[in-house]
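Peer 1: Fit chains B and C to the known structure of chain A by using the hints.
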Amino acid sequence: MSSVINIRELAKKEPKLLPGHRLCAGCAAPVIVKLVLLVAEGPTIIVNATGCLEVATTIFPYTSWKVPWIHNAFENAASTAAGVDAAIKALRRRGVFKHDKVNIVAFAGDGGTYDIGLQALSGAIERGHNFLYILYDNEAYMNTGIQRSGGTPMGAATTTSPAGRVIPGKPQHKKPIADIVVAHKAPYVATATPAHWMDLMRKVKKALSIEGPKFLHVLSPCPRGWRHDPSITMEVAKIAVDTCYFPLWEYENGVWRLTDRSLAIAKNPQLKKPVEEFLKIQGRFRHLLQPENRHVIEKLQEYVDAVWSDLLKRAGFK
Amino acid sequence: MSELKGWRALPIGTLPLKFSTEFKTGDWRTFRPIINQEKCVKCLLCWIYCPEMSIVWDGEKVTVNYDFCKGCGICARECPVKAISMVPER
Amino acid sequence: MAIEKTQGVVMGLNGDEAVAWAVKQCNVDVVAAYPITPQTIIVEKFSEFVANGEVGTEFVPVESEHSALSACVGAAAAGARAFTATASQGLALMWEILYIASGLRLPIVMAIVNRALSAPINIHCDHSDTMGARDSGWIQLYVEDSQEAYDTVIQAFRIAEHPDVLLPVMVNLDGFFLSHTLQDVHILPDEVVKKFVGIREPIKIKVPYLGDKEVPLALDGETPITLGPLDLQDYYFEHKIPQVEAMENAKKVIKEVNEEYAKISGRKYGNGLTVSYGLEDAEVAVVLLGSAAGTVRYVARELRRKGHKVGVLRIRAFRPFPVEDVVEKLRNVKVICVMDRAISFGAYGGPLFMEIRSAFYDMPEKPVILNYIYGLGGRDLPPSTAKDIFMELLNTARTGQVKQLIKYVGVRE
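Protein chains in written order, with this note's numbering: chain A, 1 to 318; chain B, 1 to 90; chain C, 1 to 413.
Same shape as in the complex, but just chain A (with noise of 0.2 Å):
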């Protein structure tokens, strides 16, 4: 299989993701979801939660799905793949189902994932199916306007963890998702953005070669919920890599290794940026930046440097 990813040849193919789609100007969403679909070769399914994604492609009577798409609700995106994955079997079993291998592929937002989510990706982990579960990370329940998840960072700004007089945003850290499917034991589990594009189909395309349930942690950001400009979307995604914030590796049998941009930090300590760098882009943060919350940002720093640092040891970088 070659590890080659060809966008002269890819981008005359037809997009497996149609343009009309109700996503806001400068979603990454649609994007990850274009990364996905390019290198999920042959038959596939793709099973989505509730949320942004779903409601602005299939809004009735148009669909922006080329691939064959299942919506159920929005916390069981897992278990539906788990099912979709069973009929499988069984219709292999029985001779019906012609083709060999067939991507089964979940989307689901940090809301179908983090929170309500979190019990049928669990089971459906445990269980060993054979999916590919992505979730795209836009760190808030955007869908239903802006309001706060698992995934929401410390000090963010949503609608029911507001910047107010008493209380600077979001308390609590954002959920260790991708550690919980790796106490699991998944055979595959990594983060990417979709800034960093290579790296994302290349870890596409590795899980989708793998046997079992396997788990992409996307950050997905969000215009309108970050209160940053459409156009800077991209730059987002590469500066919350840049600072730590959000580091870019992969889990595989055990094995933790640093991709891409993170790697080269791993490498050379000197290119890791300042966390304030990655929040003063965005408005949801801007009351941090105001002296009576600046000690928000020092926990957050600190919060970065602990993770990054114990990420870097299980990688094998001192």
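In short, the hints are calculated from the structure, not lab data.
Cβ coordinates follow ideal geometry from the N, Cα and C atoms, glycine included.
Take these hints with a grain of salt, some might be off.
As the list claims (entries may be wrong) - Mimicking DSS-like on lysine-lysine, the simulated pairs with C-alpha atoms at most 25 Å apart in a straight line are:
#1 A:Lys89 <-> C:Lys194
#2 C:Lys240 <-> B:Lys5
#3 C:Lys213 <-> A:Lys13
#4 B:Lys24 <-> A:Lys16
#5 A:Lys267 <-> A:Lys238
#6 C:Lys213 <-> A:Lys66
#7 A:Lys13 <-> A:Lys206
#8 A:Lys205 <-> A:Lys12
#9 A:Lys206 <-> A:Lys313
#10 C:Lys194 <-> C:Lys255
#11 C:Lys240 <-> A:Lys101
#12 A:Lys89 <-> C:Lys195
#13 B:Lys18 <-> A:Lys238
#14 A:Lys205 <-> A:Lys13
#15 B:Lys39 <-> B:Lys82
#16 B:Lys42 <-> A:Lys12
#17 A:Lys13 <-> B:Lys5
#18 A:Lys238 <-> A:Lys299
#19 B:Lys82 <-> A:Lys12
#20 C:Lys268 <-> A:Lys16
#21 A:Lys12 <-> B:Lys24
#22 A:Lys89 <-> A:Lys13
#23 B:Lys18 <-> C:Lys194
#24 C:Lys194 <-> C:Lys45
#25 A:Lys280 <-> A:Lys313
#26 A:Lys175 <-> A:Lys273
#27 A:Lys98 <-> C:Lys194
#28 A:Lys89 <-> C:Lys45
#29 A:Lys206 <-> A:Lys89
#30 A:Lys16 <-> A:Lys175
#31 B:Lys39 <-> A:Lys16
Claimed, not checked - Computed from the model, here is a short list of chain C residues facing chain A with C-beta under 8 Å:
#32 Ala92
#33 Asp164
#34 Asp220
#35 Leu230
Peer 2: Chains B and C alone, transformed into the frame defined by chain A:
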């Protein structure tokens, strides 16, 4: 705006009636990207990053599909040779 | 073991085991289930079949009932025949998915072992769990004994997958009274059941956006079907009417499948929708669902021997509600007692009472219709109580006196 269908005309099981390519989102934008073909090095980064699948590569040239482009400006921002400029939509 | 004898075998089985045997013989592709008393034996028995390699079914031991039905939705959407079973709290937990399964027209079959809803927690029989799901768009069939549980699960796959129906089906059996009580159940030979249910073939459809060719309505990996879109105010209503039509069509299909099944088994359940006893000349009648009908009919038989004109109507299909049948069969009865094994708090009577009353509203001659709510939380309905009820009804028929329209039977003051 097409006529709304009655229940008898709907396919079973909530299947859709059309692909979204019939829904032109081009009227969303307030700025439109213009590609300077002289400067363009055909790296296709704009194609990779476009959320609307509205950058088109035909094997020779990079063009914008203005039927769907929402004017987000990511292409202009990410172009390594600054070949794309965002101009106000008239 | 495979059932090969040409006539099948008679086994001592409880209701849960009977259901498991039916599922075993029906070429089910996916069973995704979570245990809850009193359904546990279905899942346990079926797991044995799987572990012994006796079925080609993919068994998914999900982590909750919500995931059980979600997995069945995914499986059925991929073209597989899917089955699950639950009760009480489990059914309550999967409530949102019930509507999704029927809205997406997926022919899933689910056995519900009727059990009371918390709080307080009670593991015994009443119909409050499935009554809470009566608006969900699922066909609901209530069985009287373990034999019928076996027969009805088999019939359920045919009813659900019928192209005029394509709705999910609940087969309801009373918790503990049926699920855990041994009965002689006649199991048909494997080949006979296999032939009766066939294998599930997803229907073929033609949709304009996919060109003019016929494609399977299933997630086959290639056909780009989109299942479960967002409807705005302009289309949701239109998507619901076909479900209403399908429910109406189900009445005919349930009757037809009942007849066809009689040919291979020698067993029929009334006309499929209702089972009547003594209604040709009954003055008074009891109308009810489930296993208590057996007790009531036994008492009715005794009373008829003594010359009392009593009758029993057991409703087998609660959804779709057989309004035509009800009106026709109870036409000449003077006093009807509708017995509900569930309460609808705040309503004017129990769920079955309200349906029966509504059925008679437009009739020129209306019988006296009383409501006795009984048996909640597994409270037994002994023959003596059934006899008292009949005697009260006969008294009302004679004197025209109604002591109490809605009564709670067997409860201590």
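Peer 1: So, for every hint listed, does it hold in this structure?
Peer 2: Now for the hints, and whether the structure bears them out:
no. : hint                  : verdict
1   : A:Lys89 <-> C:Lys194  : holds (20 Å)
2   : C:Lys240 <-> B:Lys5   : holds (14 Å)
3   : C:Lys213 <-> A:Lys13  : holds (23 Å)
4   : B:Lys24 <-> A:Lys16   : holds (17 Å)
5   : A:Lys267 <-> A:Lys238 : holds (18 Å)
6   : C:Lys213 <-> A:Lys66  : holds (16 Å)
7   : A:Lys13 <-> A:Lys206  : holds (21 Å)
8   : A:Lys205 <-> A:Lys12  : holds (19 Å)
9   : A:Lys206 <-> A:Lys313 : holds (24 Å)
10  : C:Lys194 <-> C:Lys255 : holds (20 Å)
11  : C:Lys240 <-> A:Lys101 : violated (36 Å)
12  : A:Lys89 <-> C:Lys195  : holds (23 Å)
13  : B:Lys18 <-> A:Lys238  : violated (36 Å)
14  : A:Lys205 <-> A:Lys13  : holds (17 Å)
15  : B:Lys39 <-> B:Lys82   : holds (8 Å)
16  : B:Lys42 <-> A:Lys12   : holds (13 Å)
17  : A:Lys13 <-> B:Lys5    : violated (33 Å)
18  : A:Lys238 <-> A:Lys299 : holds (22 Å)
19  : B:Lys82 <-> A:Lys12   : holds (23 Å)
20  : C:Lys268 <-> A:Lys16  : violated (51 Å)
21  : A:Lys12 <-> B:Lys24   : holds (21 Å)
22  : A:Lys89 <-> A:Lys13   : violated (30 Å)
23  : B:Lys18 <-> C:Lys194  : violated (39 Å)
24  : C:Lys194 <-> C:Lys45  : holds (19 Å)
25  : A:Lys280 <-> A:Lys313 : violated (29 Å)
26  : A:Lys175 <-> A:Lys273 : holds (22 Å)
27  : A:Lys98 <-> C:Lys194  : holds (23 Å)
28  : A:Lys89 <-> C:Lys45   : holds (22 Å)
29  : A:Lys206 <-> A:Lys89  : holds (22 Å)
30  : A:Lys16 <-> A:Lys175  : violated (32 Å)
31  : B:Lys39 <-> A:Lys16   : violated (30 Å)
32  : Ala92                 : violated (15 Å)
33  : Asp164                : violated (24 Å)
34  : Asp220                : holds (7 Å)
35  : Leu230                : holds (5 Å)
Of the numbered hints given earlier, the model fails hints 11, 13, 17, 20, 22, 23, 25, 30, 31, 32, 33; all others are met.
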